[in-house]
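Undergrad: The lines below spell out each chain.
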Amino acid sequence: MRVPLKWLSEYVELSLDADELAELLTASGTSVEGVEKVGGEWKGCVVGRILEVLPHPSADRLSVCRVDVGGATRDIVCGAPNVRPGMVSPVALPGNRLPDGRSIGEAEIRGVVSSGMLLSERELGISDEAAGIMELDGALQPGTDLAEALEVEDTVLVLEITPNRPDCLSMLGVAREVAALTGRRVRRPRFDLPEEGEPAASEVKVEILEADRCPRYVARLIEGVSIGPSPWWLRNRLRAAGMRPINNVVDVTNYVMLELGQPLHAFDFHLLRDGHIIVRCKREGERLTTLDGVERELHPEDLLICDPGGPVALAGVMGGENTEVNPGTVKVLLESAHFSAPGIMLTSRRHDLSSEASYRFERGVDPAGCLFAADRAAFLIKETAGGRVRRGAVDVVVKPEVLLPRELRLRVGRAARLIGITLSAPEARGILQSLEMEVSTAEMGGESPAGVAGEGVPPPPVVAGGEGDGEVLRVKVPTFRPDLEREIDLVEELARVYGYQRVPATLPRTSNNVGFLTREQVLRREIARVMVGCGLHEAITWAFIPFWWMDLLDPERKRLPERPLRLRNPLSEEASVMRPTLIPGLLEAARFNINRRIPDVHLFEMGRVFLPVREGDLPHEPLLLGCLVCGRWVPKGWDQEAVEADFFVLKGILEALSRALHVEDWSLRREEYPFLHPARSAEVLLNGEEAGFLGTLHPRVAEALDLPVGVEIMELDVSTLVKAAREVPPYREIPRFPAVQVDLAVVVREEVEAREVEGIIREVGGELLREVRLFDLYRGGQLAEGEKSLAYNLVFYALDRTLRDEEVRRSVEGIVRALGEKLGARLR
Amino acid sequence: MIPEELEEEMLSHPGLGAVYRKLKEELAGAADARRLEEIRVAYLGRKGAITAVLQGIKELSPEERRSTGRLANLLKQGLEEELASRLEGIRRRELEESLRRERLDISLPGRHIPYGTRHLLSSIIEEIEDIFIGLGYRVAEGPEVELDYYNFEALNTPDWHPSKSLQDTFYVELPGSGRSDVLLRTHTSPVQIRVMESTPPPVYIIAPGKAYRHDVPDATHSPMFHQVEGLAVDEGISLGDLKGTLETFAKRMFGEDRKVRFRPHFFPFTEPSAEVDVSCNMCGGSGCRVCKGTGWLEILGAGMVDPNVFAYVGYDPEKWSGFAFGMGVERIALLKYGVPDIRFFFDNDLRLLRQY
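Line by line, the protein sequences are chains A and B.
For what it's worth, the working numbering labels the leading residue of the first sequence as 1, then goes sequentially.
For what it's worth, the working numbering labels the leading residue of the second sequence as 1, then goes sequentially.
These aren't lab readings, by the way, just hints derived from the structure by calculation.
A portion of the hints provided could be inaccurate.
Unchecked claim - Not the full set, but computed from the structure, chain A residues with beta-carbon under 10 Å of chain B:
no.: 1; residue: 14
no.: 2; residue: 15
no.: 3; residue: 16
no.: 4; residue: 18
no.: 5; residue: 518
no.: 6; residue: 561
no.: 7; residue: 605
no.: 8; residue: 637
Said to hold, decoys possible - Mimicking DSSO-like on lysine-lysine, the simulated pairs with C-alpha atoms at most 27 Å apart in a straight line are:
no.: 9; chain 1: B; residue 1: 292; chain 2: A; residue 2: 6
no.: 10; chain 1: B; residue 1: 22; chain 2: A; residue 2: 723
no.: 11; chain 1: A; residue 1: 399; chain 2: A; residue 2: 205
no.: 12; chain 1: A; residue 1: 43; chain 2: B; residue 2: 210
no.: 13; chain 1: B; residue 1: 292; chain 2: A; residue 2: 37
What the hints assert, rightly or not - Computed Cβ-Cβ distance ranges for the label pairs, DEER-style:
no.: 14; chain 1: B; residue 1: 311; chain 2: A; residue 2: 509; range: 20 to 28 Å
no.: 15; chain 1: A; residue 1: 153; chain 2: B; residue 2: 352; range: 41 to 49 Å
no.: 16; chain 1: A; residue 1: 352; chain 2: B; residue 2: 352; range: 44 to 52 Å
no.: 17; chain 1: B; residue 1: 344; chain 2: A; residue 2: 61; range: 39 to 47 Å
no.: 18; chain 1: A; residue 1: 776; chain 2: B; residue 2: 352; range: 40 to 48 Å
no.: 19; chain 1: A; residue 1: 189; chain 2: B; residue 2: 344; range: 46 to 54 Å
no.: 20; chain 1: B; residue 1: 311; chain 2: A; residue 2: 706; range: 51 to 59 Å
no.: 21; chain 1: A; residue 1: 61; chain 2: B; residue 2: 168; range: 52 to 60 Å
Each residue gets a CB set at the ideal place from its N, CA and C atoms; glycine is no exception.
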């Protein structure tokens with residue numbers, strides 16, 4: 001909402017400067033988003049009077065005008081056909097710039113020096129009118145600064161009006177707010193409306209079939225108007241307020257809407273059939289072409305303004321082309337109606353059509369203001385377009401109760417407690433009265449508005465003297481405040497006019513309230529910390545993915561849901577599916593970095609994925625941990641060779657995670673996934689429960705994404721991890737007797753897995769064998785093709801004694817024998 | 001070598017005086033272990049000078065014997081100690097010298113130890129959580145795919161309400177279901193409703209998480225973003241409590257020297273409502289590009305829980321009152337760390353991730 005201060009000052013005395021006013025409004029809830037100075041773009045333009053118009057010596061279509069620009073006469077070459085002696089027009093003097101950026105200099109035009117420029121409205125940025133030079137009021141003094149002469153210099157407050165305050169969508173409404181905040185009085189526009197001729201009702205009939213949606217309709221009739229451009233003051237104000245002037249009648253309807261907040265519509269009376277207005281819903285087969293030139297398919301619930309021939313306007317949203325005011329219009333039916341908010345909101349939304357009118361109606365317009373607005377507009381139409389205002393208005397009220405002020409009760413003590421201030425009844429009364437509410441005292445203390453006996457909640461100590469509900473005020477709310485429906489709404493009014501800044505800052509008396517993280521929340525943080533400690537960087541990737549990921553990762557939907565969750569209205573196909581896995585996001589992140597020549601990518605993400613469940617239920621949203629590594633894990637350094645980021649890096653991270661969370665039993669089970677390398681993938685089991693997977697990205701997928709081979713990914717379900725995590729285990733005895741270490745290298749066939757060898761070693765080694773660590777894997781050399789050597793370091797100890805060499809030797813012999821029998825292993 | 005007060009007596013001793021004088025001279029000139037060993041042999045060895053004096057003692061008179069014996073033993077002991085300490089010093093010096101030859105180029109890079117980083121948004125969320133845990137709050141969660149009821153209706157935002165902008169909402173198709181009231185939550189506020197539905201008051205929670213709006217991404221808009229919601233319901237909670245709580249938060253988060261401003265505003269689910277600004281850290285409040293000349297940065301929306309909301313969850317508004325607030329995590333990151341573009345948070349550019 002743009003509020004030019006000169007306009008505003010017609011309705012309230014402004015005792016503050018623009019910045020102070022802006023601060024005051026902002027502090028009371030009418031946020032000022034900007035304070036704009038307008039009119040400055042006309043620097044160097046003055047009023048000029050054309051003294052003489054001479055033909056240009058060498059150009060037929062140009063003339064040379066001698067122009068009095070105040071104390072000096074200048075010759076200005078001009079091509080406009082409408083120049084004539086005595087005409088007063090805007091002149092741009094040399095050395096300045098036009099609003100469109102052109103600079104004006106002394107220029108020779110076909111042999112004649114032109115020292116300045118006569119201006120059209122388009123050149124001034126006022127309108128698109130470029131056929132001739134703009135003509136000004138002949139009484140203006142030549143040489144006067146143009147902006148001053150046209151009164152365009154002003155300060156405009158740009159207000160953010162919240163949806164609950166439709167009353168502030170007008171100059172008068174903002175003036176009311178300013179008056180309340182500065183202790184002034186509002187001046188409503190005053191005028192005497194001369195009426196003539198037969199009553200309007202003799203030619204106009206209004207019929208309302210939808211009383212709930214249109215409780216009131218006021219029509220006025222003005223005849224003998226002549227359509228043309230509006231006078232300057234009117235166009236100037238519309239422009240400053242951000243609206244484009246159209247013609248005098250339409251401009252007046254817009255002007256009054258901006259002035260009073262009541263949207264108006266003007267019909268060409270002769271285009272309305274029988275002067276008969278019918279407010280009803282759409283009937284079968286009806287269509288309407290609105291003023292924006294769009295032919296609209298109507299919805300059965302759309303409220304329409306009709307004549308007996310059919311729709312002529314989309315009620316409260318936009319007029320129809322068929323009855324539009326046009327240059328030939330001589331008789332105007334002026335509509336000033338009240339439409340209820342929800343219907344307008346839904347119609348506007350259905351047609352994706354918003355107008356200044358619908359914007360106001362869907363927030364709530366004062367139903368009591370229709371007649372005054374109609375009178376005001378009729379008066380101004382007569383002033384600007386001539387004609388006669390027919391006697392009387394047709395004022396049809398089918399729901400009179402909407403015109404009555406609402407009555408509310410306010411418990412002053414309760415209000416003070418909710419705000420956290422001390423507030424006396426006279427103070428509260430004063431604030432409400434400044435907002436044009438009628439206040440009387442109902443009774444002392446007692447019942448709540450709902451009629452429930454007050455429970456006598458003891459007031460917090462901040463309210464000095466606050467006992468119970470205190471005085472109860474009876475408040476009549478003016479009809480222009482549809483937002484004030486309940487006691488709490490009045491509390492808000494008290495708080496914001498009292499001033500939030502004056503409310504003392506306190507903390508709740510949290511008597512028995514303890515803040516903490518749950519075990520799961522603590523463990524989630526721990527998981528993230530372990531990931532960071534392992535060298536991974538946390539990513540946050542988009543929750544929506546393109547559908548093609550589904551087919552790329554898992555064309556047969558062996559692992560991913562058959563039908564993932566889709567958005568009905570995605571921003572694009574590329575963001576239309578709610579991710580069922582973190583993998584696409586992590587792969588995209590890898591791609592982003594690799595494309596920027598950062599080939600070593602180490603990422604993790606903790607985020608939710610979305611899995612459809614039973615029909616009609618909200619999806620399951622498990623929190624997953626995803627990891628991705630590719631490129632090198634350790635870059636080549638001056639001291640070490642590079643280490644590739646391979647399968648075993650992620651497995652190492654899984655080990656670290658299991659250790660940090662004290663997961664007692666974790667393992668990998670060979671398992672195939674459609675998006676993983678079939679021989680390099682595994683399922684992760686935590687305490688026997690499936691927790692996710694780990695493996696190398698399938699080269700097919702890598703190729704399709706232009707990723708290098710050897711991208712390693714892991715995905716784990718965080719709640720399974722949390723479930724498998726143990727509290728820190730109790731103390732375990734530390735050995736006091738020395739351990740015996742034995743190295744053991746065995747040769748086995750290639751297909752024997754390390755897990756099998758280690759399993760037998762542990763089984764046979766028994767409880768004295770405390771640690772088994774693989775320290776070498778060797779192929780080639782003296783080993784035969786298809787053989788490998790595994791070298792283990794074994795640690796034996798007992799808690800109660802020093803082991804004898806003999807015991808250890810026997811144990812190792814047993815291990816070797818068992819390995820030989822079960823796996824065909826031999827000592828190396 | 002010997003106590004100072006005996007110096008005179010030693011020097012004037014007929015047998016030891018000369019030995020002592022010579023010894024002192026030689027010790028002063030001895031610079032290495034070999035020379036010290038020669039001195040030891042020359043004085044303490046079997047044929048050493050001091051040894052000789054001690055051996056000749058028995059030939060002296062008992063009186064001389066006592067004083068000579070005392071001085072000679074003293075000198076012997078003193079010399080032994082002196083030699084030991086001189087040798088120790090030399091050995092230490094030699095070690096130092098040899099260690100100095102093992103000089104490292106300490107300007108070489110350290111060995112590669114992997115280190116990772118949290119995402120800036122996660123760090124900020126944890127920071128916010130910790131501030132509120134300190135104020136007695138717990139952390140709650142709710143689904144990102146929500147029902148219209150929780151996202152709008154129970155938050156006092158009926159279908160026809162102007163602040164329910166459908167264009168801002170992503171709607172979700174549940175496979176095999178015709179439901180049209182499933183959406184991506186447009187804020188974290190539905191968690192308020194879910195918590196109050198399942199918990200009797202008092203309630204003190206914050207709810208961090210993702211939210212979604214149908215915005216084409218640009219420098220300040222993202223269709224996916226993070227919010228932290230807060231809710232406190234108790235007996236006697238006032239607007240002043242909301243002010244105090246958020247002022248405490250803002251100063252912890254942005255700095256004790258920052259000013260905090262509360263402006264009345266409108267939200268369908270709070271009344272009275274407020275927007276909260278902190279003074280601009282870029283210009284210190286005098287007005288700049290970041291704060292658009294106002295000196296203030298808007299950081300969150302808040303208000304007293306609307307009695308209609310309490311009605312939806314079955315709390316008695318006559319007994320309980322409360323406040324709620326919500327803030328955008330990305331916005332805080334933009335303001336606090338000067339990140340210029342909200343899209344950067346989801347690019348996962350390692351050059352950015354590694355900065356935090």
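Undergrad: Taking the hints in turn, state whether each one holds.
TA: For each hint, the structure was consulted:
1. Hint on residue 14 of chain A is violated. Least Cβ distance to chain B is approximately 21 Å, over the 10 Å limit.
2. For residue 15 of chain A, the shortest C-beta to C-beta distance to chain B is roughly 22 Å, which exceeds 10 Å, and the interface hint is violated.
3. Against a cut-off of 10 Å between C-beta atoms, the interface hint on residue 16 of chain A is violated, since the closest Cβ of chain B lies about 17 Å away.
4. Checking residue 18 of chain A against chain B: minimum C-beta separation of about 14 Å lies over 10 Å; hint violated.
5. Hint status for residue 518 of chain A: holds, given a least beta-carbon distance of 8 Å to chain B, under 10 Å.
6. Taken as an interface hint, residue 561 of chain A checks out: its beta carbon lies about 8 Å from the nearest beta carbon of chain B, inside 10 Å.
7. A distance limit of 10 Å between C-beta atoms decides the matter here; for residue 605 of chain A the minimum to chain B is near 8 Å, and the interface restraint holds.
8. The beta carbon of residue 637 of chain A is positioned within 10 Å of a beta carbon in chain B (closest approach about 6 Å), and the interface hint is therefore held.
9. Taking the CA atoms of residue 292 of chain B and residue 6 of chain A, the gap is about 25 Å. The hint holds against a cut of 27 Å.
10. Using a Cα cut-off of 27 Å, the hinted pair residue 22 of chain B and residue 723 of chain A is violated, with the two alpha carbons roughly 85 Å apart.
11. Distance hint between residue 399 of chain A and residue 205 of chain A is fulfilled; the C-alpha atoms sit about 18 Å from each other, no more than 27 Å.
12. For the suggested pair residue 43 of chain A and residue 210 of chain B, the alpha carbons sit about 51 Å apart, so the restraint of at most 27 Å is broken.
13. Among the hinted pairs, residue 292 of chain B with residue 37 of chain A is consistent with the structure: their alpha-carbon atoms are about 16 Å apart, no more than 27 Å.
14. Take residue 311 of chain B and residue 509 of chain A: their Cβ atoms lie about 25 Å apart, and the range 20 to 28 Å holds.
15. Remark: the range hint 41 to 49 Å for residue 153 of chain A to residue 352 of chain B is upheld by a beta-carbon distance near 47 Å.
16. Look at residue 352 of chain A against residue 352 of chain B: about 38 Å separates their beta carbons, and that is not inside 44 to 52 Å.
17. Under the hint 39 to 47 Å, the C-beta atoms of residue 344 of chain B and residue 61 of chain A, about 58 Å apart, miss the expected range.
18. At roughly 42 Å, the beta carbons of residue 776 of chain A and residue 352 of chain B sit within the given window of 40 to 48 Å.
19. Restraint check, residue 189 of chain A to residue 344 of chain B: a C-beta distance of roughly 53 Å satisfies the suggested window 46 to 54 Å.
20. A hinted range of 51 to 59 Å holds for the C-beta pair residue 311 of chain B and residue 706 of chain A, which are about 56 Å apart.
21. For the pair residue 61 of chain A and residue 168 of chain B, the supplied restraint of 52 to 60 Å holds, since their beta-carbon distance comes to about 55 Å.
Checked against the numbered hints given earlier, this structure breaks hints 1, 2, 3, 4, 10, 12, 16, 17; the rest are met.
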